[in-house]
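Based on these hints, arrange chain H on the given structure of chain X.
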Amino acid sequence: MKRAGKLCFVWLLMILSTTGCWNLREPDQLAYVLGTGLDLTKDGQLQISIQIVIPSGVDGGQESGGGTKEKSFRVISATGKNVYDTVPSFQAQLSRSLFLGHRRIILIGQRLAEHGIGNLLDEFIRNPQSELRSRIYVVKNGQAKDILSAEPIFEPFTPTELVRQQATLGLKRYYFRDFLSDALSQGLQPMVPTVRLTDSKQFVYSGTAVFNKDEGLKLVGFLNSKESNYAYWITNRQTTFTITSIVKQGNGNVSLKLRSLDRRIRVKMIDKQIQIDVHLTGEGTILENNTNLDPTKRKDLNIIQEELSQTTQKSIQKMIKKVQEQYKTDIFGFGESVHRKYPYQWKTLKQDWNDTFPELDISVKVELQSKDPGETTSSIKSIP
Amino acid sequence: MERLGKSHLKNKLETNINQSFENSSSNISKNIAENEQFLKNMFQNCSDIIFREIMIHGETKLLLIHVDGMINTDIITSNVLKPLMYGGLPQGLGTIDSIAQMFEQEVFSVLPIKKLSNYGDIVDHILKGNAAILADGEDVALLADVSKFKTRAIEEPYNEAVIRGPKEGFTEQLRINTTMLRRIVATPKLKLESLKVGKLTRTDVVIAYIEGIVSLSVLNEVRKRINQIKIDAIIESGYIEESIEDTHLSPFPQMDVTERPDIVAAKLVKGKVAILVNGSPCALVVPMTFLEGLQAPDDYYERFLFVSFIRCIRYLLVFLSVVFPSIYIALTTFHPEMVPQELMITIASLREKTPLPTVIEVFMMEFMFEGLREAGIRLPKQIGPLVSIVGALIIGEAAVNAGIISAPIVIVVSIAGICSFIIPRLRSGYPFRMLSFPLLILSGTFGLFGLAIGIIAILIHLVQLSPFGTPYLTPVAPLITHRLKDLFIRWPRKRAIYTGPDNEADQP
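The listed protein sequences derive, respectively, from chains X and H. Reminder that position 333 of the first sequence reads as 333 in the working numbering, one-by-one numbering, no gaps. Reminder that position 36 of the second sequence reads as 36 in the working numbering, one-by-one numbering, no gaps.
Isolated chain X, as found in the complex (with noise of 0.2 Å):
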């Protein structure tokens, strides 16, 4: 029993000592942070909005019904030299103590973004409350502030409905802690989602900003939702897409929902000039077919299947080229890919990568299969 009791003394010496873990906080003492945005104001300073949860304005399933209901969120801004400057600001107006432990996105507005964030991330790493995971968009043609402010469908909150969106479009998880690490690796440039608020304050997803990370992560432009799929089917960041496209033999089109992505990239190197075949194949469903084909049949099918990779193809090359020529930063990381094949090449290569890239010889190969019909045969407009 004695030694019990000196364990006992032990535990509650080792208890004292680590009073560094005391920190209870009562559900109703924070400000729990959903978004965090971040934009530059016309005259140049850093402004961070943040939407925060009002947990009486939840319905928690019970009651309220009838009467004037709260609002579950509301957007507060403040100015500051950094990121953390703003904190007090904010703080200045609450009455709860700021909780980013369930923070779901990040913002940048596309003024700050083009001026470039990479002088801005340290906080987000560094803060040991700062939530990683983290989805992080930039708003095309406006303010974060606004997309924090506007009024959701479906979810209480913006946020979490934004980070369900991308589920919905197919798109794998892109945390935050994925764009540091893209951001800071080789060959690699970081390209993240775009969401633009509409006439009617509604938020639309649209495509993808592409970074340069070499001059201090400044967007360089934009990818419409269509070249980002391509764009993403690239680096494995799509799970699903639909392509619709003109079957000319058919005379009429055909839409084909993708599941199972697949890409291979290969690198060759011939007299120091570098080589890279793309290969991406898809296997899908036909989910409409206004043609006359019938795509039970393998002759037909293998029609729809050849004209559809055919255009899929012209696409992509034609989207890589603009990616090439206009923005000239490789967003495919296909540097990476020479690092992996090349690693003694590398060294001398990494450093005027950004001038290799546009000059690459890059050949796409696309095949897409049809595994499913869909549920009838041939177009109801071809029956006679």
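Think of the hints as simulated: they come from the structure by calculation, not from any bench. Keep in mind that a hint or two might mislead.
As the list claims (entries may be wrong) - List of simulated lysine-lysine pairs, DSS-like, C-alpha gap at most 30 Å:
(1) X:K381 to X:K371
(2) X:K2 to H:K230
(3) X:K2 to H:K224
(4) X:K213 to X:K81
(5) H:K353 to X:K71
(6) H:K61 to H:K128
(7) X:K172 to X:K218
(8) H:K189 to H:K115
What the hints assert, rightly or not - One side of the interface only, derived from the structure: several residues of chain X facing chain H at Cβ under 10 Å:
(9) N23
(10) E26
(11) H102
Positions of the beta carbon are idealized from the N, C-alpha and C atoms, including for glycine.
Then chain H, alone, in the frame of chain X:
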């Protein structure tokens, strides 16, 4: 002064007890009148002791002593009184020995009979339901076991109900209990060592074990500890348990207590020692291990797949019953980032209106829950349901609607409560009920860190415990690999071969 008075009284009492036993250690004399006087003195004011004098042919005087209501009067009348009074003593038997022989051979031929000469032994036997016959001129008394008294019938044990398995339970009668054991384990290797414990009550205690299987060190330890018991009264087997258990300061039971003979038999076969006490339907089985307390007898009777499934669920829920409220407190008040965001916001919104801190809320609810549970046990059956109505309505509904207690806490406490009901042996649940409170305080002050410290402390304690030399966590720590087959899953027993070699074709 008061202390002195008390100790004085105690001394006096002890000397009284000792005196009566000192006297009783002497032998009876040949003079029957002297014997009668001595015994009557001893049974002074005992209105239930019957002294019956019988004169045979006006010559030999016999004295019949028994406890009223404890003997079978039919046998006494037809087998003792009638032959003696009407038949009388055969002529020509002069010697004392012959009378005793006559009793044994002729009169009590059907009964177990003993010849005793010590007062103490005689009194013991009389009080256990024997009839004593003393004859004039003899310094030996005959004691015939003709005990017969009302006992409770064999019933199904209420506290250890099974879906499948024998439905009979021990009674208060030691003999009946040993009979039940003997019927299950019909082998001469089942030994039932008899002892008397308690200065005043002289309670019969039986140590049961199976020779050749039992661990001798445990058996010797049990013998030693029971012999060392110095206690006046044994009312229930709990008195024995408390006198021989390793430590009183552990919340965990160190002896298996059961009312089911099948459990005792199964454990005897596994080499354990059982202690049966007269007057108690609860047998003690030693040594006990932690996991035995979480196993139900059905586990061994039902098919193994289902049993294994149920066992996994049981272990998980037992763990939850201890830590679930603590985890809730730790996560919501110390580590809100560990709760999924949607859930955390919902909890926060439900907690918005409640005025008390989470720890206090959970503490209050757990407190009330324990109160409700205890109230439910003692109440008569007619008003028992009232407790649940009051509990569910007042605490569950009204407190939440009034905004005093938040809804998640009612859910958490109810879940923990339901989890604690899953423990098949009521008794094994006691430590978990107790321990959840210190864990609540720890996690309410130090979060998950405190909870971890608490659980580690409990584990250290469990590992230290080794009742009767057997480590409490036996198949796990120390690890005994082949016994793990009876831990999360109950490995199926080998199929018995029913047919001989001739009928091999019949085998499936």
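Cross-check of the supplied hints:
no. : hint             : in the structure
1   : X:K381 to X:K371 : 22 Å, holds
2   : X:K2 to H:K230   : 26 Å, holds
3   : X:K2 to H:K224   : 25 Å, holds
4   : X:K213 to X:K81  : 22 Å, holds
5   : H:K353 to X:K71  : 17 Å, holds
6   : H:K61 to H:K128  : 25 Å, holds
7   : X:K172 to X:K218 : 24 Å, holds
8   : H:K189 to H:K115 : 28 Å, holds
9   : N23              : 6 Å, holds
10  : E26              : 6 Å, holds
11  : H102             : 4 Å, holds
In summary, this structure violates none of the numbered hints.
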